[in-house]
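> Listed in order, the protein sequences are those of chains A and B.
For the first sequence, position 63 matches number 63 in the UniProt record's numbering, and the numbering has no gaps at all.
For the second sequence, position 394 matches number 394 in the UniProt record's numbering, and the numbering has no gaps at all.
Calculated from the structure, these hints are not laboratory results.
Take these hints with a grain of salt, some might be off.
What the hints assert, rightly or not - What follows is a list of derived Cβ distance ranges for each label pair:
id, chain 1, residue 1, chain 2, residue 2, range
1, A, R126, B, G63, 27 to 33 angstroms
2, B, T211, A, G124, 33 to 39 angstroms
3, B, T10, A, P110, 27 to 33 angstroms
Said to hold, decoys possible - Reference excerpt, derived from the structure (chain A facing chain B, CB under 7 angstroms, subset only):
id, residue
4, A116
5, A119
6, G121
7, T123
8, L133
9, P134
10, K212
Where is the CB? At the ideal position from N, CA and C, for every residue including glycine.
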Amino acid sequence: MRSAGLFPHIPSYLGTYGSLIQQQLTMALLSVLFGLIAALPIALLCVRYPKIYPAMVGLLTVIYSLPSIALFVLLVPSTGLTQTTVIIPLSVYSLAALVPNIVEGIRGIPEDVRLAAVAMGYTGARRLVAVDLPLAVPPIMAGLRVATVGNVSMVSVGTVIGVGAFGALFTAAAQLSRSDLAVTGIVVIVALALACDLLLVVAQRLLTPWNKRRSA
Amino acid sequence: MISFVQVGKTYPDGTVAVAATDLTADSGRITVLVGPSGSGKTTLLRMVNRMIEPTSGEILIDGVDVRSKSAPELRRGIGYVIQNAGLFPHRTVLANVMTVPRLLGWSKDKARERAMELLTTVGLEESHAKRYPFQLSGGQQQRVGVARALAADPPVLLMDEPFSAVDPVVRKDLQTELLRLQSELSKTILFVTHDIDEAIQLGDKVAVLNTGGVLEQFDTPTELLANPKNEFVESFLGLDRGVRRLSFFSSTGVPLRPEPVVARDAPAAEVLARRGAQPWLLVVDDGHKPLGWLTAEQVPADGDLTKVAVGELVSYGHTFGAATDSLRAALDSAILSPSSRAVGVAEDGRVVGVASVEELVPAIRAAQSASVPDTGHGDRGEPGDRVEPGDRNDREDRDDNPDTV
Numbered sequence: 001m002r003s004a005g006l007f008p009h010i011p012s013y014l015g016t017y018g019s020l021i022q023q024q025l026t027m028a029l030l031s032v033l034f035g036l037i038a039a040l041p042i043a044l045l046c047v048r049y050p051k052i053y054p055a056m057v058g059l060l061t062v063i064y065s066l067p068s069i070a071l072f073v074l075l076v077p078s079t080g081l082t083q084t085t086v087i088i089p090l091s092v093y094s095l096a097a098l099v100p101n102i103v104e105g106i107r108g109i110p111e112d113v114r115l116a117a118v119a120m121g122y123t124g125a126r127r128l129v130a131v132d133l134p135l136a137v138p139p140i141m142a143g144l145r146v147a148t149v150g151n152v153s154m155v156s157v158g159t160v161i162g163v164g165a166f167g168a169l170f171t172a173a174a175q176l177s178r179s180d181l182a183v184t185g186i187v188v189i190v191a192l193a194l195a196c197d198l199l200l201v202v203a204q205r206l207l208t209p210w211n212k213r214r215s216a
Numbered sequence: 001m002i003s004f005v006q007v008g009k010t011y012p013d014g015t016v017a018v019a020a021t022d023l024t025a026d027s028g029r030i031t032v033l034v035g036p037s038g039s040g041k042t043t044l045l046r047m048v049n050r051m052i053e054p055t056s057g058e059i060l061i062d063g064v065d066v067r068s069k070s071a072p073e074l075r076r077g078i079g080y081v082i083q084n085a086g087l088f089p090h091r092t093v094l095a096n097v098m099t100v101p102r103l104l105g106w107s108k109d110k111a112r113e114r115a116m117e118l119l120t121t122v123g124l125e126e127s128h129a130k131r132y133p134f135q136l137s138g139g140q141q142q143r144v145g146v147a148r149a150l151a152a153d154p155p156v157l158l159m160d161e162p163f164s165a166v167d168p169v170v171r172k173d174l175q176t177e178l179l180r181l182q183s184e185l186s187k188t189i190l191f192v193t194h195d196i197d198e199a200i201q202l203g204d205k206v207a208v209l210n211t212g213g214v215l216e217q218f219d220t221p222t223e224l225l226a227n228p229k230n231e232f233v234e235s236f237l238g239l240d241r242g243v244r245r246l247s248f249f250s251s252t253g254v255p256l257r258p259e260p261v262v263a264r265d266a267p268a269a270e271v272l273a274r275r276g277a278q279p280w281l282l283v284v285d286d287g288h289k290p291l292g293w294l295t296a297e298q299v300p301a302d303g304d305l306t307k308v309a310v311g312e313l314v315s316y317g318h319t320f321g322a323a324t325d326s327l328r329a330a331l332d333s334a335i336l337s338p339s340s341r342a343v344g345v346a347e348d349g350r351v352v353g354v355a356s357v358e359e360l361v362p363a364i365r366a367a368q369s370a371s372v373p374d375t376g377h378g379d380r381g382e383p384g385d386r387v388e389p390g391d392r393n394d395r396e397d398r399d400d401n402p403d404t405v
């Protein structure tokens with residue numbers, strides 16, 4: 001069954017466009033979220049001990065260069081053919097975008113602001129929450145945008161273990177010689193990535209009304 | 001009172017930032033630390049709230065060692081104003097000012113109320129409260145910085161080159177404002193600057209520091225200007241220190257002669273009589289306010305001054321307040337006037353009399369020999385006490401903004 005138009009019919013075993021979009025976003029956004037949760041303590045450690053920062057960046061770059069398929073294969077024995085197996089590598093990849101941005105964000109706080117915070121009598125932890133992290137929001141958001149857009153697209157690779165969401169659509173397109181499916185899949189993924197990016201931009205504006213450089 | 005007792009700071013590589021220093025900043029007074037870069041002035045300041053720890057000696061605030069409390073606790077009890085204000089850019093003006101009260105555990109309402117009150121104190125509008133720092137000018141930001149430092153009403157205020165990053169006009173405003181605030185609040189202020197003029201203007205006492213953290217001289221501004229202890233202090237004070245010192249002496253000793261002052265509508269006989277005796281006549285209006293100078297030759301033969309247009313009169317430069325301004329203002333008034341005569345006015349702007357440069361000399365001589373300036377303000381300061389900050393303010397204002405021109 002083939003129909004013309006923007007959303008051609010897809011083989012029923014793949015589910016609906018709605019379910020594909022849901023899977024794609026779930027895996028992409030969860031991996032960014034877990035990435036952020038892991039990136040914060042790593043970045044704070046790098047701020048506290050600047051000597052380990054170059055080594056950490058090197059390590060994250062090496063991890064980022066590992067082929068995702070290889071990681072899936074390594075994980076399958078422990079996490080099986082599940083979304084978790086896709087989410088874990090993508091979370092780790094996110095670190096490469098998030099950790100440096102958090103570190104640079106905190107380091108980029110103007111010296112006089114940092115001194116003022118100390119002189120007002122902030123203790124370390126309270127200063128982090130009240131001053132350092134809020135001021136690092138713009139670079140952190142920049143990192144989140146890179147990680148999110150990347151992950152929305154990368155989730156497709158999960159098709160090799162059968163949980164690729166739109167990746168399955170591309171596999172089907174190859175097997176059935178349905179280039180229309182491939183084109184539609186690309187369009188939807190790009191649209192999803194742009195929509196996520198836009199939401200993050202809006203979120204950043206709402207979070208940083210104090211930022212005079214309101215770069216999009 | 002802040003006491004530095006043999007306080008020194010030597011870095012591990014052997015660099016001496018501060019040589020063993022004894023210094024006492026009196027309660028309720030402004031003590032200025034001034035010196036070139038590398039003189040340890042900021043290091044000394046930051047030792048007070050333990051942002052830098054000394055390697056020797058001790059610092060006492062009202063007799064209590066600063067190390068007897070935890071550093072954050074100590075800092076919440078000491079106001080701190082930093083260069084460029086150092087406001088938290090992500091917080092509104094109000095939230096910035098509320099910082100220390102909130103850290104001290106005040107309720108939000110109480111902190112907000114106090115912050116609003118302080119904004120007014122430092123000369124800001126209530127409408128500034130909801131703005132973010134980037135929406136303010138540099139001068140306004142620094143006012144917020146001062147308000148933030150004062151928020152929990154600390155007895156001690158540390159000011160770390162607070163006005164050095166703003167333009168000269170705004171700096172002058174902020175300095176005047178600080179003296180006004182201080183006359184109301186009487187904080188114990190330790191003020192760091194590299195600008196000797198700022199030190200002289202603001203300090204009740206000034207500590208001149210040399211490279212390597214060596215305290216060269218610690219004195220009142222007048223004593224510093226009159227008797228610099230060594231070549232370094234003298235060169236640091238710069239030229240015209242003699243003239244600058246005159247701003248600490250009252251002009252009440254200046255003889256103001258009413259004879260050359262003549263009303264524009266004065267009877268012709270009076271005008272002609274005065275013309276004979278004075279080379280210059282100061283013409284005043286019917287409110288006895290100055291209009292301008294007239295040379296004896298310019299006076300009409302019939303003595304009718306209404307024939308002379310106001311525009312033809314020679315400008316009198318600026319006046320000085322006969323009861324309130326300094327000797328320096330009087331001298332300046334005389335030097336700026338084409339007649340070489342200073343015009344002294346009462347507080348309501350009426351001319352009291354005039355004095356030539358030569359007639360100022362005895363008053364200047366008297367100031368030269370006086371080690372303690374006589375303020376001449378019997379109603380405001382104790383005899384022999386130095387000029388109160390508030391008084392000095394008024395005077396500086398008039399120096400620069402002659403409101404009668």
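> Each hint needs a verdict: does it hold in this structure or not?
Hint by hint, here is what the structure shows:
1. A:R126 / B:G63: 27 to 33 angstroms: holds, 30 angstroms
2. B:T211 / A:G124: 33 to 39 angstroms: holds, 34 angstroms
3. B:T10 / A:P110: 27 to 33 angstroms: holds, 29 angstroms
4. A116: With a closest approach of 3 angstroms, the A116 (chain A) hint holds.
5. A119: holds, 4 angstroms
6. G121: holds, 4 angstroms
7. T123: holds, 5 angstroms
8. L133: This hint is violated: L133 (chain A) lies away from chain B, its Cβ roughly 10 angstroms from the closest one there, beyond 7 angstroms.
9. P134: holds, 5 angstroms
10. K212: holds, 4 angstroms
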